[in-house]
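Participant: Each protein sequence line maps, in turn, to chains A and B.
Under this note's numbering, the first residue of the first sequence is numbered 1, with each subsequent residue one higher.
Under this note's numbering, the first residue of the second sequence is numbered 1, with each subsequent residue one higher.
Rather than coming from a laboratory, the hints here were simulated on the basis of the structure.
Any given hint could be a false lead.
Examples of chain B residues toward chain A, derived with CB under 8 angstroms [said to hold, decoys possible]:
1) Arg9
2) Asp55
3) Ile64
4) Phe79
5) Pro91
6) His94
7) Pro107
8) Ile109
9) Met191
10) Pro197
11) Val218
12) Glu221
13) Leu222
14) His227
15) Pro325
In silico SDA-like pairs for lysine to any residue, Cα to Cα no more than 20 angstroms straight-line [unchecked claim]:
16) B:Lys172 / A:Met381
17) B:Lys127 / A:Gln382
18) A:Lys530 / B:Gly213
19) B:Lys127 / A:Pro383
20) B:Lys172 / A:Trp384
21) B:Lys172 / A:Arg309
22) A:Lys530 / B:Asn214
23) B:Lys208 / B:Val106
24) B:Lys308 / A:Trp384
25) A:Lys91 / A:Pro206
26) B:Lys308 / A:Asp138
27) B:Lys157 / B:Thr200
28) B:Lys98 / A:Val608
29) B:Lys327 / A:Glu44
30) B:Lys319 / B:Val309
31) A:Lys530 / B:Lys319
32) A:Lys530 / B:Val138
33) B:Lys248 / B:Leu237
34) B:Lys127 / A:Trp384
35) B:Lys311 / B:Tyr357
36) B:Lys308 / B:Lys364
37) B:Lys98 / A:Arg355
38) B:Lys49 / A:Ser438
39) B:Lys248 / B:Val115
40) B:Lys178 / A:Arg298
Remember, it's a predicted structure, so these values are computed and weren't measured experimentally.
Note that CB positions come from ideal geometry on N, CA and C, so glycine has one too.
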Amino acid sequence: MTVALRAPGWWRALAYVIVGIAFSYGVSIGARAILGYDPLLDGEAVLTIGLIAVPFFFLVGLGCFDYWFYWAAGRATRPEDHSGHGAYSWKDYFRPNTDHKVIGVQYVVTSFFFLFVGGLLAMLMRAELAAPGRQFVDANTFNGLFSVHASLLIFLFVIPVFAGLANFVLPLMIGAPDMAFPRLNALSYWLLPVAGLMMLLSFAAPGGSFASGWTAYAPLSTSAPIGQEFFTIGVQFAGASSIATALNFLVTIITMRAPGMSFFRLPLLVWANFSTSLLVVIATPFIAASQFFVLLDRALGFDFFNAARGGDVLMYQHVFWFYSHPAVYIMMLPGFGIISEILAVKARKPIFGYRMMAFSLLAIVVLGFTVWAHHMFVSGMQPWIRIPMMITTAIIAVPTGIKIFSWLATLWRGVLHLDTPMLFALGFLTMFTCGGISGVMLAMIPLTIHVSDTYFIVAHIHYVLFGGSLFTIFAGVYYWFPKMTGRMYDERLGRVHFWLTFVFFNLTFGPMHIIGVQGMPRRVYDYADKFAAWNLFISISAFILGLSTLVFLYNMIASWRGGPRAVANPWRALTLEWQVSSPPPVFNFDAIPTVVGGPYEYGVPGAVHGVFKGAEVPAPAGAQAQATTTAE
Amino acid sequence: MPQESTPRRESKRTVQQMVLVGVIATAAGIALGLSIHWFPPANSTQADKIDTLWDVLIIATVPIFVLVTVIVLFAVIEFRMRPGEENLDGPPIHGNTKLEVIWTAVPAILIIGMVTYAYIVLHDIEKAPAAGNPERQVAVTGQQFTWSFAYNEGGKKFTSAQLYLPVGESVKFDVRSKDVIHDFWVPDFRMKIDAVPGITTHYRITPKTNAIGNHDIVCAELCGLGHAYMRQTAHVLSKAGFQAWVTKMTRQPAATGGGGGGGAQAGTTDAKALFTQGNPDTSATACGSCHTLADAGTTGTTGPDLDKVLKGKDAAFIKQSILDPNKVIAPGYQANIMPTNFGDTLSPQQVDALVQYLSKVTNK
């Protein structure tokens, strides 16, 4: 037993969690005793300290920090024996693993777990909204449902699932044996379940879960019950994970490209993640700041947002949206990358206008930082700010349009393989155009004055994040499923999944445009009787949409367990990840490839992207191997 | 490995068909977009301009959606892989500078046009009435979960829980909040603005002649538990009707509760008004926004139905439930939802009056 408690792992993590809870009580009671507070035991104070401290105790117990602590203390670090690499049984997925492919799978599976939880919350919302009046939850629970739904799907699904897919694919694509910082990569992953669990546990908090929306506007959030802090602090962990991963991607892309892999030979997925990582590194600290403000207001009475004491309520929104607008591109650009990969391979043609595709990504990164206040057109901020924000917001449609038109031109005269990934990619093209168009409409201030905070906004963001991001995620998961699992998915079920999703997605979110313009506000658990018919229709469509994901779930689980074995390159793709076995070897490449051409030279006779006759990678030779093969 | 590509070109007929389908779909799409009954009634001069902007945006954007969809559909029909083409590749076309310039420039021009038009509309809907035309100012105050409206008519100040406006005259709203952020929105007028603690925000509207009647007031910014119920009514009256209302209001300053300025000390307390409207002066929330009470005609469901839970209870229990609501929680409801500040926001007389009133009407 003592051995189990000394070695990194779940037993030690459990023991440390208990120590962490005791620590939280100790610090709280001690501080209150010193300051002479009465009573000594304050549940909220303990909980606040616990939410911050216990996750660290858990992560230390699990072993995320072992190597660094030994190194920092000057003690002998355990020699790098690559025991943290690869997965040989399911148990290897439940420990800090340093293999980017294992981490990629951990990320994707975890985020899909939260997709299903978040989707379930949406089902509960739609059940409540099926008819006017109270059905089966109260107002507080309902406000909690949509707040947790949005927070989980943004911070625990869309953002991390893209990080997960890229984690698996990106090092392979650039010809690297792993990410630049494998231990940081493991830590980044383990921060996620902490954040997600924290948000879910908020339902158990006294006074209910956080219920001020994922936007958590002050002063509603600073005066809400304690459940709010599960968001305030949970976001810090999700954000830290995001920032660490983005740094890892940036360093990996800049320093670990295979010989010959110049920037303009990078697959567009790599360009997309490069752009996304820039956004994450620059923007994410702002949401951390906004939530630290809220935490200080709540826990220590800083009065940042207390107008009666000179606080500035609008400042919260500016800081929050300075992250949260770029965040929508964080949730979209990786999807652009996935679509570029799939369209080129499935249309058997080079990407049309490759360089413009890369430059338009960078243009979106830059412009993305200049539009945040379009979320505040009716917030009461200085009126003149609206004008430049309207112009920049509309202009973003230009680089986005370049991408859409280039994809269309890529299809033209191709040989279109209309299988599941391609269907989702084509579905994305049309649905994202719809979301983009309502986005341009929303840039027009006079229209936004009427439709902001209505179901028109709900429709718009779901066309962008569901019809946009989620379609690209489904496309990407089907596309790389053979590479990640070594098995083929069931094509017929994949098509059924696509058509159910495509049809009922539109039936669910399309009518929301109409009731929004007619005047139904969002985030309400009851509504005027005139919206009853459409709401019932939307709820029924939403339930079928929800059920359609079960087809996907079944397909994934059944195919992973018993699907036909996948060959190395079932799609006849040129990019490097398809040139190794499915699933890839533990160290990716037996020989580092040399890149000799572009990634999408389909139709060019005899074209190759990479050749495999470079230097031998040193075999993982147990304890004798040089430390951190991967970091070199 | 990539195969030798074969020439794969669209036939002239395909292009003609595509253009034809595109034109028809665009026309049908625009017709559909313009015929859908999108908006609630247009009851302010501002509403007309915003609705026209919407129509223009429909006309400008439908062709883009049709363009993308038609190209996807025709690419699927024309260029899908046919049996025997499993190993075929498309032609290695890497780009076309002329095309790329076109699809950068054309959307840019379209966008400049839309932004310019939107700017003109914005200017129109926010501009003050021409000099000489009167403009009324109404101070709108939001609080959880109700609105109140302060008037200053010919030097006489009074507050109303309902919004009354004369037809055809511009009104400027000065919007404030007492607690969290709310948003003052009358969908029939189209305009909205947040009510932000610490600052005053504004907008103006002019009710059109077709506006006489009642209009919903909706809170559009999530403000807490009762957000969904923060709905009130705006009454647009003829000019004569409005003057009559003003006369009535200035004659009986405390008629609708909350006004008068004297607060709790001023004479007897109207407990029923207190129940339905709260006390705006001290930001005491209206009981009726969350609780159902048959006698007061309220139907809130955030908190328990008082007709049921207070039946057979004594005055001491009711008083405790108002001042310390977490002490006893009705089955199926949670603690920490009802405000615990009624001891501060209501005077002892007001609490007693409420207790008496509730005791009377729930134990009939």
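Participant: Now tell me if each hint is right for this structure.
Facilitator: Going through the hints against the structure:
no.: 1; hint: Arg9; verdict: 7 angstroms, holds
no.: 2; hint: Asp55; verdict: 11 angstroms, violated
no.: 3; hint: Ile64; verdict: 6 angstroms, holds
no.: 4; hint: Phe79; verdict: 5 angstroms, holds
no.: 5; hint: Pro91; verdict: 5 angstroms, holds
no.: 6; hint: His94; verdict: 5 angstroms, holds
no.: 7; hint: Pro107; verdict: 4 angstroms, holds
no.: 8; hint: Ile109; verdict: 10 angstroms, violated
no.: 9; hint: Met191; verdict: 6 angstroms, holds
no.: 10; hint: Pro197; verdict: 4 angstroms, holds
no.: 11; hint: Val218; verdict: 6 angstroms, holds
no.: 12; hint: Glu221; verdict: 6 angstroms, holds
no.: 13; hint: Leu222; verdict: 4 angstroms, holds
no.: 14; hint: His227; verdict: 6 angstroms, holds
no.: 15; hint: Pro325; verdict: 13 angstroms, violated
no.: 16; hint: B:Lys172 / A:Met381; verdict: 17 angstroms, holds
no.: 17; hint: B:Lys127 / A:Gln382; verdict: 16 angstroms, holds
no.: 18; hint: A:Lys530 / B:Gly213; verdict: 18 angstroms, holds
no.: 19; hint: B:Lys127 / A:Pro383; verdict: 13 angstroms, holds
no.: 20; hint: B:Lys172 / A:Trp384; verdict: 19 angstroms, holds
no.: 21; hint: B:Lys172 / A:Arg309; verdict: 28 angstroms, violated
no.: 22; hint: A:Lys530 / B:Asn214; verdict: 15 angstroms, holds
no.: 23; hint: B:Lys208 / B:Val106; verdict: 39 angstroms, violated
no.: 24; hint: B:Lys308 / A:Trp384; verdict: 53 angstroms, violated
no.: 25; hint: A:Lys91 / A:Pro206; verdict: 35 angstroms, violated
no.: 26; hint: B:Lys308 / A:Asp138; verdict: 17 angstroms, holds
no.: 27; hint: B:Lys157 / B:Thr200; verdict: 19 angstroms, holds
no.: 28; hint: B:Lys98 / A:Val608; verdict: 28 angstroms, violated
no.: 29; hint: B:Lys327 / A:Glu44; verdict: 19 angstroms, holds
no.: 30; hint: B:Lys319 / B:Val309; verdict: 14 angstroms, holds
no.: 31; hint: A:Lys530 / B:Lys319; verdict: 39 angstroms, violated
no.: 32; hint: A:Lys530 / B:Val138; verdict: 29 angstroms, violated
no.: 33; hint: B:Lys248 / B:Leu237; verdict: 14 angstroms, holds
no.: 34; hint: B:Lys127 / A:Trp384; verdict: 14 angstroms, holds
no.: 35; hint: B:Lys311 / B:Tyr357; verdict: 13 angstroms, holds
no.: 36; hint: B:Lys308 / B:Lys364; verdict: 12 angstroms, holds
no.: 37; hint: B:Lys98 / A:Arg355; verdict: 15 angstroms, holds
no.: 38; hint: B:Lys49 / A:Ser438; verdict: 19 angstroms, holds
no.: 39; hint: B:Lys248 / B:Val115; verdict: 47 angstroms, violated
no.: 40; hint: B:Lys178 / A:Arg298; verdict: 19 angstroms, holds
Hint compliance for this structure: hints 2, 8, 15, 21, 23, 24, 25, 28, 31, 32, 39 are broken, all remaining hints hold.
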